[in-house]
Structures are given as structure tokens and as C-alpha cells.
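Chemist: Just so you know, the sequences run in chain order D and B.
Under our numbering, the first sequence has 827 at position 147, and the numbering climbs by one with no breaks.
Under our numbering, the second sequence has 687 at position 7, and the numbering climbs by one with no breaks.
Just so you know, the hints here were simulated from the structure itself, not pulled from any lab data.
Treat the hints with care, as some may be off.
Pairs involving identical chains hold if they fit within one copy or between any two copies, as the list cannot separate such chains.
Okay, derived cross-link-like pairs now, DSSO-like style, lysine-lysine, Cα gap no bigger than 30 Å in a straight line [stated by the list, open to error]:
{"id": "1", "residue 1": "818", "residue 2": "732"}
{"id": "2", "residue 1": "807", "residue 2": "721"}
{"id": "3", "residue 1": "721", "residue 2": "836"}
{"id": "4", "residue 1": "806", "residue 2": "891"}
2 protein chains.
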Amino acid sequence: MRYELYYWPEIQGRGEFIRLALEEAGANYIDVARRHGGESKMFALMQRARQKQPPFAPPFLKVGNLLIGQTANILMFLGRRHGLAPRSEAGQLWTHQLELTIADFLVEIHDTHHPIGSGFYYEEQKKESKRRTQDFLKNRAPKFLGYFETVLARNKSGFLVGGRLTTPDLSMFQVVEGLRYALPRAMRRLERKHSRLVALHDRVAQRPRIKAYLQSERRIPFNQMGIFRHYPELDR
Amino acid sequence: MRYELYYWPEIQGRGEFIRLALEEAGANYIDVARRHGGESKMFALMQRARQKQPPFAPPFLKVGNLLIGQTANILMFLGRRHGLAPRSEAGQLWTHQLELTIADFLVEIHDTHHPIGSGFYYEEQKKESKRRTQDFLKNRAPKFLGYFETVLARNKSGFLVGGRLTTPDLSMFQVVEGLRYALPRAMRRLERKHSRLVALHDRVAQRPRIKAYLQSERRIPFNQMGIFRHYPELDR
Numbered sequence: 681m682r683y684e685l686y687y688w689p690e691i692q693g694r695g696e697f698i699r700l701a702l703e704e705a706g707a708n709y710i711d712v713a714r715r716h717g718g719e720s721k722m723f724a725l726m727q728r729a730r731q732k733q734p735p736f737a738p739p740f741l742k743v744g745n746l747l748i749g750q751t752a753n754i755l756m757f758l759g760r761r762h763g764l765a766p767r768s769e770a771g772q773l774w775t776h777q778l779e780l781t782i783a784d785f786l787v788e789i790h791d792t793h794h795p796i797g798s799g800f801y802y803e804e805q806k807k808e809s810k811r812r813t814q815d816f817l818k819n820r821a822p823k824f825l826g827y828f829e830t831v832l833a834r835n836k837s838g839f840l841v842g843g844r845l846t847t848p849d850l851s852m853f854q855v856v857e858g859l860r861y862a863l864p865r866a867m868r869r870l871e872r873k874h875s876r877l878v879a880l881h882d883r884v885a886q887r888p889r890i891k892a893y894l895q896s897e898r899r900i901p902f903n904q905m906g907i908f909r910h911y912p913e914l915d916r
Numbered sequence: 681m682r683y684e685l686y687y688w689p690e691i692q693g694r695g696e697f698i699r700l701a702l703e704e705a706g707a708n709y710i711d712v713a714r715r716h717g718g719e720s721k722m723f724a725l726m727q728r729a730r731q732k733q734p735p736f737a738p739p740f741l742k743v744g745n746l747l748i749g750q751t752a753n754i755l756m757f758l759g760r761r762h763g764l765a766p767r768s769e770a771g772q773l774w775t776h777q778l779e780l781t782i783a784d785f786l787v788e789i790h791d792t793h794h795p796i797g798s799g800f801y802y803e804e805q806k807k808e809s810k811r812r813t814q815d816f817l818k819n820r821a822p823k824f825l826g827y828f829e830t831v832l833a834r835n836k837s838g839f840l841v842g843g844r845l846t847t848p849d850l851s852m853f854q855v856v857e858g859l860r861y862a863l864p865r866a867m868r869r870l871e872r873k874h875s876r877l878v879a880l881h882d883r884v885a886q887r888p889r890i891k892a893y894l895q896s897e898r899r900i901p902f903n904q905m906g907i908f909r910h911y912p913e914l915d916r
């Protein structure tokens, strides 16, 4: 069955976490809004009055008659279907727990440049962004990265869960990539203390399907509209 | 089997969403950190070096050897076990999707009084809180509440999912309660446009087990330390 991914066509954003899972799975999918007329199709679907289970926001995934929203929820679904999650209930709960912790991290990363609200431009909250980013770099980023480093250290396989790649490995690859783009100077310093995360990032980047994807036009470059944005003044 | 809930003993916070599910289920549980010596037990568990699957933060739930973290993840687990979620995979994904959207809403509610970071006191970010709360009340709260109102309107049973109570109904009860405490003036205005949500709130409050719980000492009163805090200057 062909998956239909619905997400903003011009950014990596949260959709990228789904794309990485679909690509690693070698799944048959289309990135609807990036096709001609696809963005209006996405809006139409969101506003469809007889949609009994409407998504709150993109990304969402259409699988036959099923419409699944919320990034971590979609990843849980795909993980089970494509061997990117353990088979046991306990293993799946743990995998999802990590994915939800990454989702929390993403909110805080986004809010470094939008502390007052996503409805305001960055330029309208520049001073506040500096303060929030300082706190983020001093306290929050080390806490989150340290947590995942600990999980890797205790698991010992080089992956976050069990002995094989699961969706949170793909997601952490994207977080490392994104932080390198957004806050390169700070990230260089942070990486020194998180060598297992860097090794995980490199391992994911070398997976044949991920490698091919990253070199393809399907991978949207980082830019100033997504979660990860590079404002040099925030990168002390 | 007896559940052990681990959460900060002095606040409702995210732990409250778990308490409501445990109470509605009539489950056998202890609220560990509220017992004598329980808070140190919680810290010990979090810092235990041989814990292979450590939680990032409370709340977490111990079920035999299983340690489950992340509020929405715990609710998914409890929902399946106690008939507070549908049986079908599609139904469970939808229920969880709603729970994750509530989790997103909670972050935004919390950040109205902590836009610059949870490491700073409210008094250190009062001006920024006013700006963020204005945007929250004008744009974000109507968007989230409107979404859940639409879901109720389309589902028609008076519950969010199917024809029976599920965990997101309990969680939305708590959101309405919390917003009434935190921003009573604004909430009075908002409620006029969200009568189905108010009716859901009232329906949950009348469930015999929830009613008994709310009147018991197990229910911690709202205060100025949790997600929902009442600062009159933010409640325009």
C-alpha cells in the first residue's frame, strides 16, 4: 500500500522525522504537498467538514482509509510495520518513550528562536530569543543530549534500543544534524561530551538508504523556516 | 498488580493526568513520592546507574519490572489495560493522537508563565509572560479548544472517541479545570464558544470515581507551582 505523507512542502520540520523512517524502511510513499497542487489537497483534507478524525496540524500520514496525526504517533505506527521497533509491548513502549522525549526536545529547540510565540517573527522576539537560547545551551541541551548519551552508554549496542536500528535512532540523527546547522559553534563544544551520539549520527548517515536519500532532491535543505534555524547571534 | 506512580508530591502537574486515569480505572496504585521517604525513592530510581531504561523526568509508572515514562505513553498503556481506549489499532492511534495534541497544548499553557525558560522564576520573565499570554489567549487557546470542540461535534456521543469515555476525555477535563483556575476571566469568555467541551468537563466530573477522587485528599489543590498558575496580571 502506498503511503501519503502530508507536510509543508518547503521545510524539513517535523515531517522530516517521518521521511527518514519511510526512507529507511524503503516504503512506497508520496510527499503529497511537494507535488503540483498537493498543498491545496493538504488544506482541503484538513478542512474537510466530514473528516471525523481531523489532524490538528501537519504532518499526517494517510494509509488507506486511516489518517494518522502527531509525529511520534506516526513513527510508532511505521516502526511496528517496518521492523523499526521491537516486537514486544515493553520494547515498543520504551521506543515510543524515547521518541516522545525527542519531541519534547524539539519544542525547546524551536522555542529558542520563538520564545514569545510562533505567531511573531523572529525579529519581534530577538532579545528574548537570546536569553532563552543562553538557558537552552547552558541547561536544557546538555540535559537532553546527556540523557540520550546515557541511554546509549547503558545499551551498549551503539543503538538506542536493543541491538538494531529503531525510529529514535533516525530521529536523533536529525537532531544532531539540525543542531549542527542551527548552532554550529555551540554544538562543536557539546559534541565533545557526547561521542556516542555523534557515533550514532554517523552510523545512521551511512545506512545505504539514508545515504541515498540525503543526496537526493527528496531531502529539503535546512533553511530559516523550520525547527532548526541558524541565527549567528544566538550561537554564542 | 499494584502500580507505583512516581511524580513530584506537591503539584498536580503532568502526574495528575495519570492519577485521573488510575482513579477512573479503580486501579490499585500508590503515589510513591507522597509517602514518607517516597521522594528520595523517586530520585534514587531516576539516578540508578544500572537502570537500562531511565525516564527523562517524572511522571513515570512502575508496573512489575516495567518502568514507563512520558505521560501520553503511560496513558496509552493504562488505556489499553483498563478499557479506557478502543480495542482496534486504528482507534488506539486516534486516541493517542488526541492525547499527544493535549500534551502540546499543555506545553503552551505552561509557557505562558515561563516563556524564557523553566530555569527562571516567573518574576524574572513577567513582561515576556504577558506578551506570550496575550498571543496564547488570542490565537493558541482558541485554536486548541476549537479543535477539540470540533472533534466532539463530529463524534456526537459527547465523548472524544467512540461512544465511551477514554483517557483524552479525562485529560480534557483537567485542562478545562486548570484553565479555569489559571485564567478565570479569559476562560469565562472562551467557554461560551466551547459548550461541548464544558459539557464533557461536567460529564467527567460526575463520574462516581472521579467525583470521589476530587473530594479526597488524594487530589492536590491547584497552586503556583504546576502547569496551571493563577497570575491575575496575565488574565486580562
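Chemist: Now, for every hint given, state plainly whether the structure supports it.
Modeler: To see whether the hints hold, each was checked on the structure:
{"no.": "1", "hint": "818 <-> 732", "in the structure": "between (44 Å within a copy, 26 Å between copies)"}
{"no.": "2", "hint": "807 <-> 721", "in the structure": "neither (38 Å within a copy, 41 Å between copies)"}
{"no.": "3", "hint": "721 <-> 836", "in the structure": "between (45 Å within a copy, 27 Å between copies)"}
{"no.": "4", "hint": "806 <-> 891", "in the structure": "neither (36 Å within a copy, 47 Å between copies)"}
Violated hints for the displayed structure, listed by number in ascending order: 2, 4.
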